[in-house]
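On the provided structure of chain A, position chains B, C and D as indicated by the hints.
4 protein chains.
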Amino acid sequence: MSTEKKIRVGILGASGYTGADLVRLLVVHPNVEIALLTAERKAGLPISEVFPHLVGLDLPGLISINEIEWPAVELDVVFCALPHATSQEVIKGLLHATNHSLLDELIIETVGDQASAIKGDVKIVDLSADFRLRDTNTYAQWYGREHQATEIQKRAVYGLPEIYREQIKEADLVACPGCYPTAALLALVPLLKAGLISAEDIIIDAKSGVSGAGRSLKESNLFVEVAEAMHPYGVGHHRHMPEIEQELSVANGENVKISFTPHLVPMNRGELETIYVKLKDDETADSLKTTLMKQYADEQFVTVLDGSTMPATRMVRGSNNCVLNVFPDRIDGRAIVVAAIDNLVKGSSGQAIQNMNLMLGLDENTGLMQAPMFP
Amino acid sequence: MSTEKKIRVGILGASGYTGADLVRLLVVHPNVEIALLTAERKAGLPISEVFPHLVGLDLPGLISINEIEWPAVELDVVFCALPHATSQEVIKGLLHATNHSLLDELIIETVGDQASAIKGDVKIVDLSADFRLRDTNTYAQWYGREHQATEIQKRAVYGLPEIYREQIKEADLVACPGCYPTAALLALVPLLKAGLISAEDIIIDAKSGVSGAGRSLKESNLFVEVAEAMHPYGVGHHRHMPEIEQELSVANGENVKISFTPHLVPMNRGELETIYVKLKDDETADSLKTTLMKQYADEQFVTVLDGSTMPATRMVRGSNNCVLNVFPDRIDGRAIVVAAIDNLVKGSSGQAIQNMNLMLGLDENTGLMQAPMFP
Amino acid sequence: MSTEKKIRVGILGASGYTGADLVRLLVVHPNVEIALLTAERKAGLPISEVFPHLVGLDLPGLISINEIEWPAVELDVVFCALPHATSQEVIKGLLHATNHSLLDELIIETVGDQASAIKGDVKIVDLSADFRLRDTNTYAQWYGREHQATEIQKRAVYGLPEIYREQIKEADLVACPGCYPTAALLALVPLLKAGLISAEDIIIDAKSGVSGAGRSLKESNLFVEVAEAMHPYGVGHHRHMPEIEQELSVANGENVKISFTPHLVPMNRGELETIYVKLKDDETADSLKTTLMKQYADEQFVTVLDGSTMPATRMVRGSNNCVLNVFPDRIDGRAIVVAAIDNLVKGSSGQAIQNMNLMLGLDENTGLMQAPMFP
Amino acid sequence: MSTEKKIRVGILGASGYTGADLVRLLVVHPNVEIALLTAERKAGLPISEVFPHLVGLDLPGLISINEIEWPAVELDVVFCALPHATSQEVIKGLLHATNHSLLDELIIETVGDQASAIKGDVKIVDLSADFRLRDTNTYAQWYGREHQATEIQKRAVYGLPEIYREQIKEADLVACPGCYPTAALLALVPLLKAGLISAEDIIIDAKSGVSGAGRSLKESNLFVEVAEAMHPYGVGHHRHMPEIEQELSVANGENVKISFTPHLVPMNRGELETIYVKLKDDETADSLKTTLMKQYADEQFVTVLDGSTMPATRMVRGSNNCVLNVFPDRIDGRAIVVAAIDNLVKGSSGQAIQNMNLMLGLDENTGLMQAPMFP
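Residue numbers (my numbering), protein chains in the order written: chain A, 1 to 375; chain B, 1 to 375; chain C, 1 to 375; chain D, 1 to 375.
Extracted from the complex, chain A is given alone in its bound form (with noise of 0.2 Å):
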């Protein structure tokens, strides 16, 4: 379409449900070719081997990231769609600064592998959980293990750009959301900035579709255990209440301490939240929704549904959309905020190349305004 230059970008972890999103949205980008693509399992292998659906797309074969030949590949853009725990380590390596200047050169070791040194600017988006938790005490506490990068931790920038946008427009690293805080803090946040809702009790009743839980070989995943049933999980545990607290206690100011629950649906795709709150003296449900729709006027990816309608994830399936709506409860006091999103786009690789999108100075919607899929 265009003459100019386009941007290389790598995806590390291709193989995955959400290396495959990135695929299928950035194929259609008009500014990007897809230069990298890693998957240490299956590397050798072209992609369509690995996912089928992808026959027929020019796309680089699966090597892993030891093969990387830096800095020949030349990328500007890097998105870690690896497993959490792995992502760390490869990104201290991508972002190793030299002690002259931040980014001015980088060294890049590749894991297990010797450094090398480039001069670029290369721009990271993780999708891991890795650089999300701002206190790798937390993290450490989370997930069972030391902080491997913690002073890289410093620069990472919590990637949800609603909040976010101008200091994601500055990074070099963005850590993107986890599907479940997405929207539940699209939700949220602005309630309890302006003050309208408490902080105590805040109760998150969330569902999610089955490629949530990724392509990994475990019997809760397979179809028979899934298919005509639903059950909670993680109950009073899942890894994403902290990165759920931790942002909302910014815009609380102190901090919040949420209940969270997540269901597993039998659909592939989609998430909603059912939040329950409590309003603070004179606040209405009304008000809650004047104040979303005047927070989201102009974001091309939020939309405050009209009257009673329900989000639903049919609404946004396969697009980068967030739905919202609030209800009165029946109990006087409370009301109940509802958020729908694509638990792979606006939850995962969508929002992932929104922020890329921020970080190079891009319109923010650039190869993200797929109508949602529906049937």
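Hint data in this document are derived by calculation from the structure and do not stem from the laboratory. All values derive from a computational prediction rather than experimental measurement. Among the hints, erroneous ones may be present.
You can't tell identical chains apart in this list, so a pair holds if it fits in one copy or across any two.
[Claimed, not checked] With a straight-line cut-off of 25 Å between C-alpha atoms, the simulated PhoX-like cross-links for lysine-lysine are:
hint: 1; residue 1: 280; residue 2: 294
hint: 2; residue 1: 257; residue 2: 289
hint: 3; residue 1: 257; residue 2: 193
hint: 4; residue 1: 278; residue 2: 257
hint: 5; residue 1: 280; residue 2: 257
hint: 6; residue 1: 92; residue 2: 169
hint: 7; residue 1: 289; residue 2: 193
hint: 8; residue 1: 42; residue 2: 218
Just chains B, C and D now, kept in the frame of chain A:
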């Protein structure tokens, strides 16, 4: 199997999913013979045209209620699986008692037909909402019409055997609870009675399979609208609310108002409720669980799960069981109670048969010992 | 993106699933502006009330066909996504040419309205079955009514670009193939043309997702009737039969009669055909495959898969692609051809846009380069 | 219910879906007591940890086959639900007869353990493929290993009661048919035996729910890979082919080769076969149907449907039924036979119990009278 005379049962409104599940369960009930099936719009057809899966079973053809030949049909039990609001008048006809004694003689007025008197002791199990609400004003308020059989309402027993077993044994009219109330009450009534939880801020987040919406031709029930998607509905004003509140208020000793939000999940059967409660002083998730375990130790259809096993709808598919568990919340002073049932069995037809067994003096579990069907 | 004038398109019958998918694809088409949406029963509503997932898009409101203000609406292209049998009269109105020349002037007779003349060259893409059958007697026989626009039928080009590309470029009326014919013809036409397979005993076992049945309120389309189940329908008399036979007969040079059995599968989208053929002497599955690979080497939307990779509907979900492969049969002298498409895209709306692109002289793939959506 | 001694059954390999369905059916079988459950990798666990839906049932814990205490366990019947290829050696051990007489004394050699002799008449019902193929060379060819119990193969009876009822009654080892062969043979054997159809070009297009693939951790069985999708597999070389051919050849009197293509459908249970056949001279779809109706007039588990009612998997979900129908093809001289079963019941566990009933002289339908579960 047995040479003794079978109990003759009729099902009014046999063409809905509730009717189908009554048939499924009653055809293997050792003491029962299905003697009558009605369906207004499908009158004249064999039931296998309405439900092809019932082909090959020896069942009476569908007739209109008006065509019932009282008293020749000699029914011992009538299951009313009619739409809400139509049950009232039909049951009023069935139960129109003489002045002399309550059930010594019945005048059967089939709807739109002339009256005929039979002597008898027909037991009626109503699966509609018509006789669940003790206060007929509450009924009028939630169902948008005056109750047409207020005097009969007084004779109706609320058919949750785990709470009203003794009253059900003596009843001639039992109003089976709704599916959502069944799960909610089994989880909450013992906790409120024992004073372990606050009656304030009880939040019930409920999820149901699509059969709960019935077989009516609504766009929202189409496969394409439901599959691969989920959403809440009836937020703040679902008709099962007053029913739950009625029974929780009895347990609590004073009025209870709840927050209740149902969601539609892409599965045929199954219902899960995630219930967020506030603990009274010194109570814990453990103390709640202990109370529930004691309460249900001798119950055949309610199981409190071990350890942190998550209740899941697949554990109860097709069976009359309810599975429960209690979890600590991350917020101090709160706990999460989770309950799962099959909405068509313990939430409807199975519970109706459990009630029938009690009314007739049979073993409560007769015909209801099916193991759940998984896969 | 571009300052050049956009092509103004109208969608007649925008409230069905085909209409929804046309909107999904057209809103990201760089050369197109959606200028008109009609829906008879929903006239007066915003499209987001009919399809909540389209909330937030800048789209015209739904009007009745009778309300179209010809010629002021200045349409360049009309997509007719109306029910079968209603397209005829609407398109007859749209295309009613004067005596002078074929399309120099059009008299637009909106249905039930008075005539008005416009000058124009409106291109019409019909997605109904109304203009697919060249022989209007065959139409009458299979659709149970006389064709109402037999003279216009002659001008219609059968819109399968891989076969009729050159004719489509010149056409003003294109009749888009049905979803089943699309997959069947892409698989079989090159094989019959090349004389590799017998025209006898072609057996097409077809499976489709539920969106193929449309959004109408039929019991058989309810979630509970379809989920966790499958069954054949229309055995021996499905209306797509004569359409497949028409085109196979052209390819074969003499009449072909096929065996065609569609099945309903519990999924929203996707269509798979397993086609059993007899090989001509000396032909093999390999020679068939070689022929298909040559035929489609330069086609952007048809891929013959490598090795024994199985065509699967998930490879084409949401995309305009068709995937094909050929397998040897255990019975000597036979082979199995398998084709998969998305019934709503290559089987309907995507192919319609591919046709529009050709009719307008645009690149054939404009707006259709979406990668499939998996998961 | 009864005071008479229960039949003691053991299930070897109880941790798969077949094992689960055996338990579901046997717990309501009036004459049976489940006395033993084995599972190698899960030995030591209660079955409710492997199958949470079995919580609350009074069942023995899982042990390893090596831990079975022969003869103390006093089994009357053993169901082998072990993986293919492992059954052979286990059953060889179970059935190792002395020289004196066939079943007067058994030497039980549990796998990897020393031998011990018990006196007994244990009946064995094998649900694996190990004893289905009479020709052990054919077994070796299709299963890629030599058969380890060729002498025992001769004693095995093919467990399709509708064909081999009398032999099953006398057998001590019954090899239950595969799910695909069950449906295919019920449809075709009577037609071939009666000489109504050609043995040439029998084409079986089969569709199965995912439980047929077992509970093993394969990517292709993950929810996300299967849901909203379908595809064929094993085209031309599925292992059920030789089994179907073996029995069709018996019926035909000479060798039959079939075309057989299975497909994976996004549902838990259910199997549908659409079978395309050539009619012998003067035969019609009607004459085929008449023959099937006569053949199955007295069978309890096979129903030939009325008129043009389509067999559908939802008609047999959870039940031991097979539904059949025959349709004329559009091609003269051809017909289409459609059969539906539940792959886990009539296709596996239900049929195993039907065989057990016959072997023990019980009523054939004992414990198998469940109506199908719809919804």
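Going through the hints against the structure:
no.: 1; hint: 280 - 294; verdict: within (19 Å within a copy, 39 Å between copies)
no.: 2; hint: 257 - 289; verdict: both (23 Å within a copy, 24 Å between copies)
no.: 3; hint: 257 - 193; verdict: within (16 Å within a copy, 29 Å between copies)
no.: 4; hint: 278 - 257; verdict: both (14 Å within a copy, 15 Å between copies)
no.: 5; hint: 280 - 257; verdict: both (17 Å within a copy, 19 Å between copies)
no.: 6; hint: 92 - 169; verdict: within (21 Å within a copy, 56 Å between copies)
no.: 7; hint: 289 - 193; verdict: within (14 Å within a copy, 37 Å between copies)
no.: 8; hint: 42 - 218; verdict: both (19 Å within a copy, 16 Å between copies)
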